[in-house]
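Chains as they are written, first to last, in this note's numbering: chain A, 1 to 317; chain B, 1001 to 1279.
Hints in this document: simulated from the structure, not taken from any laboratory.
There may be inaccurate statements among the hints.
[Stated by the list, open to error] In silico EDC-like pairs for lysine to aspartate or glutamate, Cα to Cα no more than 20 Å straight-line:
id : chain 1 : residue 1 : chain 2 : residue 2
1  : A       : Lys308    : B       : Asp1167
2  : A       : Lys309    : B       : Glu1107
3  : A       : Lys308    : B       : Glu1173
4  : B       : Lys1189   : B       : Glu1174
5  : A       : Lys312    : B       : Asp1167
6  : A       : Lys312    : B       : Glu1173
7  : A       : Lys305    : A       : Glu233
8  : A       : Lys232    : A       : Glu114
9  : A       : Lys218    : A       : Glu114
10 : A       : Lys218    : B       : Asp1167
11 : A       : Lys248    : A       : Asp72
12 : A       : Lys312    : A       : Glu233
13 : B       : Lys1189   : B       : Asp1167
14 : B       : Lys1189   : B       : Glu1173
15 : A       : Lys305    : B       : Glu1173
[Claimed, not checked] Computed footprint of chain A on chain B; a stretch qualifies when at least three of its residues, placed anywhere within it, have a C-beta under 8 Å from a C-beta of chain A:
id : region
16 : 1002-1014
17 : 1097-1106
[Unchecked claim] Label-pair distances were calculated between CB atoms; the ranges are:
id : chain 1 : residue 1 : chain 2 : residue 2 : range
18 : A       : Gln92     : B       : Glu1003   : 40 to 46 Å
19 : A       : Asp215    : B       : Arg1185   : 22 to 28 Å
20 : B       : Thr1045   : A       : Val202    : 44 to 50 Å
21 : B       : Glu1107   : A       : Val87     : 31 to 37 Å
22 : B       : Asn1108   : A       : Glu119    : 37 to 43 Å
23 : A       : Leu302    : B       : Arg1044   : 36 to 42 Å
24 : A       : Ala297    : B       : Met1135   : 48 to 54 Å
25 : A       : Glu170    : B       : Asn1108   : 50 to 56 Å
Each residue gets a CB set at the ideal place from its N, CA and C atoms; glycine is no exception.
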Amino acid sequence: MSVAEMPDWFVHKKLRGNLIVARWVPAALVGLPVLVLFAIVVYPTVWMFYHAFQDTNMMRLFQGNWSFVGWDNFAAVLSSGRFGDSVLHLMQYLLFGCVLQVILGTILALTLYEVVRKEWLRVILLIVMVLPMMLPPSIVGVLWKFLLTPSNGAVNQALLNLGLIDAHVEWFNAGVSLWAIIIADVWNWTALPLLIVYSGRVSLPPAVYEAARVDGAKGWLVMRRITLPMLKEVIAIAFIVRFMDAFKFVDLVYVMTSGGPAQTSELPAYIAFQRGIREFAIGEAAAYAIIIFAISAVLIVLFLKYLKKVLKAQGFA
Amino acid sequence: MSEQSARLVRTLLLIFLGLWLILTLFPLYWQFITAFKSAAETNRTIPTFWPEVWHFENLAAIFAEPSNFGALVDSFIIATGNTVASLVLGSLAGYAFARFPRQAGGENLAFWILSNRMFPPVAVLVPMFFLFDAMPWGTDSYLSLIILYLVFNMPLATWLMMVFFRDAPRELEEAAYLDGYTPLRAFVKVTLPLVLPGMISVAMLCWIFAWNEYLFANLFVGTQVRTFTIVIPTFTHGSQSLWNLQMAFSMVAMLPPVALFILLRRYMVRGLSLGVVKG
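Excised from the complex, chain A in its bound form:
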C-alpha cells in the first residue's frame, strides 16, 4: 500500500512525496486542548471583565441583581490607600526580591561555570542550590515562618551568636514582615535566574572563547566583552520571568503573614485574592484582577519576544 492508498479520511493529497493530511486532522488534534483551555480560562476571564464594571458582591451575585457602575470599581481601587500601599510594597519586593535574585543568580551561575573546574562538582552544587525551588510553597512558607520566629527562631539565634544583632529582630512586626517574605523568596527563587543564566552560559559557542584566547584576552575582559553581552537576552528573560511571577505572588504572603500585620505586607495579587475570596467584593476584586492582568499582558508580550529570539539561538524552536 502506498501513501496514495492511505484511508481517505486521513490523506488530503500527496505533494512532491510529502504527505499532506486532511485538514481536519491537525484541527482535531489541537482542537481538544484548546477547547479545554477555553472552558477553564477564557470563560472566567470574560466573566471577570464583565463584573469589573458591575457592583457585584456575594449577596448580589446570588440574588442576581447586580447593576452596571461603569469605572467605579477602578476608581475605588486606584484611589484606595490599600492599593497605593501595595504598589509601594511591590516596588520593594521587585527591587530587593526580584532584582537582587537576578543579580545574585547571575553571579552565582557564572562563578559556578567559570571558577569551579570539576564537572561533577558543578552538577552537585547546582543540584544543592536548586533544591529550594523544588519545595512546595506552603512548606517554604511554614519553614521560614519557623526560622524567623522572633522569640526563639533559628535565624535570630544564629545572628545573636554571630554577634550581628544585640536583640531579637521582630520579623513579623509592621514594616518588617515584608522583609521576612522577601528573605524567604530570595532563598526560594534565586535558583531560577541562576539556572536560566547557567544554561545560557553552557550553550554559548566555545569557538568564540577560543578566538578570544588566541587574541590574548582573558578574565574580566572576556566576561565584560563577550560573556555578558552574549547573555544579555538570557538575563533579560530571567528578569521578566521573575517580574511576571511578582504579579502572581500570593502563596508565601498568604502562609507567612496573610498580608499583615494591618495590611503592611500586601502585594497587589494578594489583595485581589483577599478582596474577592475573603471579603466578597467581587466587582472590586475583578478590577484589581484586570489591572494585574494588563501589566502581566505587557510583560508576557515582552517575554515572548525575547523568548523567540533565545529559542531560535538555542535551536529550541
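Mind docking chain B on chain A? Use the hints.
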C-alpha cells in the same frame, strides 16, 4: 588585570559561592533536626542546634493520624490524574504543532497556549470557583483540581512535547505508512517509542507542579479532599504551631519532588528556557 588580582577575585567569588551554599542548606538542616525534636525542645527560649534526644517516633506520630496519610494519597491522586490528562492533551497539540505547524494554527496559537501558563491565576480565581461550583462534581473533589491544574501543566506539556516530536524524524513515520501502517499504528509503533524518554520527563515535571500546588487547593478543596499542601500549615495545638510535626511531615512530603528533580535536572533546564518553571 594582573594575575594576582585575578586570583583574588576568584577566591572572593568562591567564598561567596560557599556562603550561599551554607545559606541554602541551613533551613533544610533546621527542618531536618526539628523534625526529630520533642515539642518541648522546639519551644525553648534558646533553640538547640542539635536535638538532645532524637524522637524518631515523630514520623510515626504523623502517620498514626489517618487523615495525614490520606492527604498524601489525595495529593498523589490529583497529581497523577492531572499528569495523565496534561500529557494526553499536550501530546495531541504538541504533535499537531510539530508535524503540521500551519494547519494546526501556527506560532500564534502555540504562544497563546503557552501564555496561559504565565497569567496570574488570582485574576480568574473567583469566576473559576463559581464555574466549578456549578459543575456536578463541585469544587471539593479530585476532578476539580485535576482539571484546574491543566491551566499551568497542559501548556508546558504541549510545548515540551512539540520539541520532542520535532526531534523524531517524520521520515520514519512516512516509511511506516508505505509499509501499510495506519496513521494511528504508525504513531504508536514508530513515533511514540522515540519520544518516550522525553514524555516521561514531561510527566515528572507536570507531576511535581501538581504535587506542590497550594493556591488553588487552598480555595477549592478542604473537606472531602485535602492535599498535604493545605494540611501542613494547619498542624497546630491550639494557637501553638507543632513545629516538629510540621517539619517532619513536610520532610516526607518534599521527598518525591526532590527525588524527581535530581532524576530529571537536564529537562528542568529545558523547561525553564520556556520561562515556565514556577507552577
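Going down the list of hints, with the structure as the test:
1. The hinted pair formed by Lys308 of chain A and Asp1167 of chain B meets the criterion: a straight-line CA distance of about 18 Å does not exceed 20 Å.
2. Restraint check for Lys309 of chain A and Glu1107 of chain B: the C-alpha separation of about 14 Å stays at or below 20 Å, so the hint holds.
3. For the suggested pair Lys308 of chain A and Glu1173 of chain B, the alpha carbons sit about 28 Å apart, so the restraint of at most 20 Å is broken.
4. Between the alpha carbons of Lys1189 of chain B and Glu1174 of chain B the distance comes to roughly 12 Å, so the proposed pair stays at or under 20 Å and holds.
5. The straight-line distance between the Cα atoms of Lys312 of chain A and Asp1167 of chain B is roughly 15 Å, inside the 20 Å bound, and the hint therefore holds.
6. For a cut-off of 20 Å, the pair hint linking Lys312 of chain A to Glu1173 of chain B is broken: about 26 Å separates their Cα positions.
7. With a CA separation close to 10 Å, the supplied pair Lys305 of chain A and Glu233 of chain A stays within the 20 Å bound.
8. Taking the CA atoms of Lys232 of chain A and Glu114 of chain A, the gap is near 17 Å; set against the 20 Å cutoff, the hint holds.
9. Restraint check for Lys218 of chain A and Glu114 of chain A: satisfied, since their Cα atoms lie roughly 12 Å apart, inside the 20 Å limit.
10. Taken as a hint, the Lys218 of chain A and Asp1167 of chain B pair is broken in the structure, with Cα atoms around 37 Å apart against an allowance of 20 Å.
11. Taken as a hint, the Lys248 of chain A and Asp72 of chain A pair is broken in the structure, with Cα atoms around 25 Å apart against an allowance of 20 Å.
12. Our distance criterion of 20 Å between C-alpha atoms is met by Lys312 of chain A and Glu233 of chain A, whose separation comes to about 12 Å.
13. Taken as a hint, the Lys1189 of chain B and Asp1167 of chain B pair is honoured in the structure, with Cα atoms around 16 Å apart against an allowance of 20 Å.
14. Straight-line distance between C-alpha atoms of Lys1189 of chain B and Glu1173 of chain B comes to about 9 Å, which keeps the hinted pair within the 20 Å bound.
15. The hinted pair formed by Lys305 of chain A and Glu1173 of chain B fails the criterion: a straight-line CA distance of about 33 Å is larger than 20 Å.
16. Counting residues of the region 1002-1014 of chain B whose beta carbon lies closer than 8 Å to any beta carbon of chain A gives 5, which reaches the threshold of three, so the coverage claim holds.
17. Check on the region 1097-1106 of chain B: 6 of its residues sit with their Cβ under 8 Å from a Cβ of chain A, so the three-residue criterion for coverage holds.
18. Range check, Gln92 of chain A to Glu1003 of chain B: Cβ separation about 42 Å, and the 40 to 46 Å hint holds.
19. Between Asp215 of chain A and Arg1185 of chain B the beta carbons are some 57 Å apart, a value that contradicts the proposed interval 22 to 28 Å.
20. Range check, Thr1045 of chain B to Val202 of chain A: about 48 Å between beta-carbon atoms, so the 44 to 50 Å window is met.
21. Between Glu1107 of chain B and Val87 of chain A the beta carbons are some 35 Å apart, a value that agrees with the proposed interval 31 to 37 Å.
22. A beta carbon spacing of about 41 Å between Asn1108 of chain B and Glu119 of chain A agrees with the range 37 to 43 Å that was offered as a hint.
23. Evaluation of the 36 to 42 Å hint for Leu302 of chain A and Arg1044 of chain B yields a failure: the beta carbon distance comes to about 50 Å.
24. Taking 48 to 54 Å as the suggested C-beta distance range, the pair Ala297 of chain A and Met1135 of chain B does not conform, at roughly 28 Å.
25. Here the CB-CB span from Glu170 of chain A to Asn1108 of chain B is close to 51 Å, well matched to the stated 50 to 56 Å.
Checked against the numbered hints given earlier, the structure breaks hints 3, 6, 10, 11, 15, 19, 23 and 24 and satisfies all the rest.
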